[in-house]
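Taking the hints into account, I'd like the entire structure generated from these sequences.
Here the protein sequences come in this chain order: V and U. The first sequence begins at 1 in this note's numbering and counts up by one. The second sequence begins at 1001 in this note's numbering and counts up by one.
Everything labelled a hint here was simulated from the structure, so no lab data went into it. Errors might be hidden in some of the hints.
As the list claims (entries may be wrong) - Per the computed footprint, the stretches of chain V lying under chain U, defined by three or more beta-carbons under 8 Å from a beta-carbon of chain U, are:
hint: 1; stretch: 25-33
hint: 2; stretch: 43-50
hint: 3; stretch: 98-111
Unchecked claim - Pair by pair, the computed Cβ-Cβ distance ranges are:
hint: 4; chain 1: U; residue 1: Ser1080; chain 2: V; residue 2: His57; range: 46 to 52 Å
hint: 5; chain 1: V; residue 1: Thr94; chain 2: U; residue 2: Asn1028; range: 25 to 31 Å
hint: 6; chain 1: U; residue 1: Glu1062; chain 2: V; residue 2: Arg41; range: 25 to 31 Å
hint: 7; chain 1: U; residue 1: Pro1008; chain 2: V; residue 2: Asn52; range: 40 to 46 Å
hint: 8; chain 1: U; residue 1: Pro1039; chain 2: V; residue 2: Leu61; range: 21 to 27 Å
hint: 9; chain 1: V; residue 1: Asn52; chain 2: U; residue 2: Gly1002; range: 25 to 31 Å
hint: 10; chain 1: U; residue 1: Ser1073; chain 2: V; residue 2: Gly16; range: 30 to 36 Å
hint: 11; chain 1: U; residue 1: Ser1080; chain 2: V; residue 2: Ala10; range: 22 to 28 Å
hint: 12; chain 1: V; residue 1: His57; chain 2: U; residue 2: Gly1096; range: 24 to 30 Å
hint: 13; chain 1: U; residue 1: Ser1080; chain 2: V; residue 2: Arg80; range: 44 to 50 Å
hint: 14; chain 1: V; residue 1: Gly95; chain 2: U; residue 2: Asp1038; range: 36 to 42 Å
hint: 15; chain 1: V; residue 1: Gly40; chain 2: U; residue 2: Pro1075; range: 29 to 35 Å
hint: 16; chain 1: U; residue 1: Phe1012; chain 2: V; residue 2: Ser24; range: 26 to 32 Å
C-beta atoms are modelled at their ideal positions from N, C-alpha and C, and glycine is treated no differently.
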Amino acid sequence: SQQGEEDPQALSIQEGENATMNCSYKTSINNLQWYRQNSGRGLVHLILIRSNEREKHSGRLRVTLDTSKKSSSLLITASRAADTASYFCATVTTGANSKLTFGKGITLSVRP
Amino acid sequence: DGGITQSPKYLFRKEGQNVTLSCEQNLNHDAMYWYRQDPGQGLRLIYYSQIVNDFQKGDIAEGYSVSREKKESFPLTVTSAQKNPTAFYLCASSIGDRLYGYTFGSGTRLTVV
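Written out as structure tokens, the structure reads:
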């Protein structure tokens, strides 16, 4: 079952612009993670934010988490053509045996 | 360098055949996972293992089998009982604590011919 849902499904921006991607989820989480996937490749872990955190930064990435709204956003600043990829949010729900559950992903295209 | 190796990168299977996908990691991770990725459906969990000689079914285990005889290896067999096996298969590993991110292999694309 899909726990996280990303929005929009596809995003096209010009190089240098900021890209904002959103994720909503349904049940209480332990943490939320963002991954990147280049076409035909495996996923790469970008950032993890815990349920008691509101914001985290990593280089040009900024992730926010609003547990009251059950939502997260991933901001990529000063985008580059090399940022073109699919981005997935994934959640670990509360509970002893919960596993990472992925959304369907967002396709980001950055035009040079 | 530490990482996860999946092989082969491409695999073709005739209907009625079993095929085995390889996944090896040298990260000393306790937990390993198999996901299936279909276009527009994200990743779905097939099987996972948190320790050697133990594994559990994920959301879509029917038609698949796994083994975990060594910490480093977690092969996935796609059996003839899997009616729609054409997909991209991804193996991942983690330290074992769900508070850490997963490391993924580069995937195996399986096509039924």
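Consistency of the hints with the structure:
Counting residues of the stretch 25-33 of chain V whose C-beta sits closer than 8 Å to any C-beta of chain U gives 3, which meets the bar of three, so the coverage hint holds. With a cut-off of 8 Å between beta carbons, the stretch 43-50 of chain V has 5 residues touching chain U; three or more are needed, and the interface restraint holds. Residue count for the stretch 98-111 of chain V with a Cβ under 8 Å from a Cβ of chain U: 8. That meets the three needed, and the coverage hint holds. The supplied range of 46 to 52 Å is met by Ser1080 (chain U) and His57 (chain V), whose beta-carbon atoms lie about 49 Å from each other.
Between Thr94 (chain V) and Asn1028 (chain U) the CB atoms are about 27 Å apart, so this pair conforms to the stated range of 25 to 31 Å. The beta-carbon spacing between Glu1062 (chain U) and Arg41 (chain V), approximately 27 Å, falls within the hinted interval of 25 to 31 Å. Between Pro1008 (chain U) and Asn52 (chain V), the C-beta spacing of about 43 Å keeps the proposed range 40 to 46 Å intact. For the hinted restraint 21 to 27 Å between Pro1039 (chain U) and Leu61 (chain V), the CB-CB distance of approximately 26 Å keeps it satisfied.
Checked against the hint of 25 to 31 Å, the pair Asn52 (chain V) and Gly1002 (chain U) passes, with Cβ atoms roughly 30 Å apart. Checked against the hint of 30 to 36 Å, the pair Ser1073 (chain U) and Gly16 (chain V) fails, with Cβ atoms roughly 45 Å apart. Remark: the range hint 22 to 28 Å for Ser1080 (chain U) to Ala10 (chain V) is contradicted by a beta-carbon distance near 37 Å. Checked against the hint of 24 to 30 Å, the pair His57 (chain V) and Gly1096 (chain U) passes, with Cβ atoms roughly 27 Å apart.
Taking 44 to 50 Å as the suggested C-beta distance range, the pair Ser1080 (chain U) and Arg80 (chain V) conforms, at roughly 45 Å. Our hint of 36 to 42 Å for Gly95 (chain V) and Asp1038 (chain U) is violated, since their Cβ atoms are close to 26 Å apart. Judged by the Cβ atoms, the range 29 to 35 Å given for Gly40 (chain V) and Pro1075 (chain U) is violated: they are separated by roughly 22 Å. Our hint of 26 to 32 Å for Phe1012 (chain U) and Ser24 (chain V) is violated, since their Cβ atoms are close to 38 Å apart.
The earlier numbered hints that this structure contradicts are 10, 11, 14, 15 and 16.
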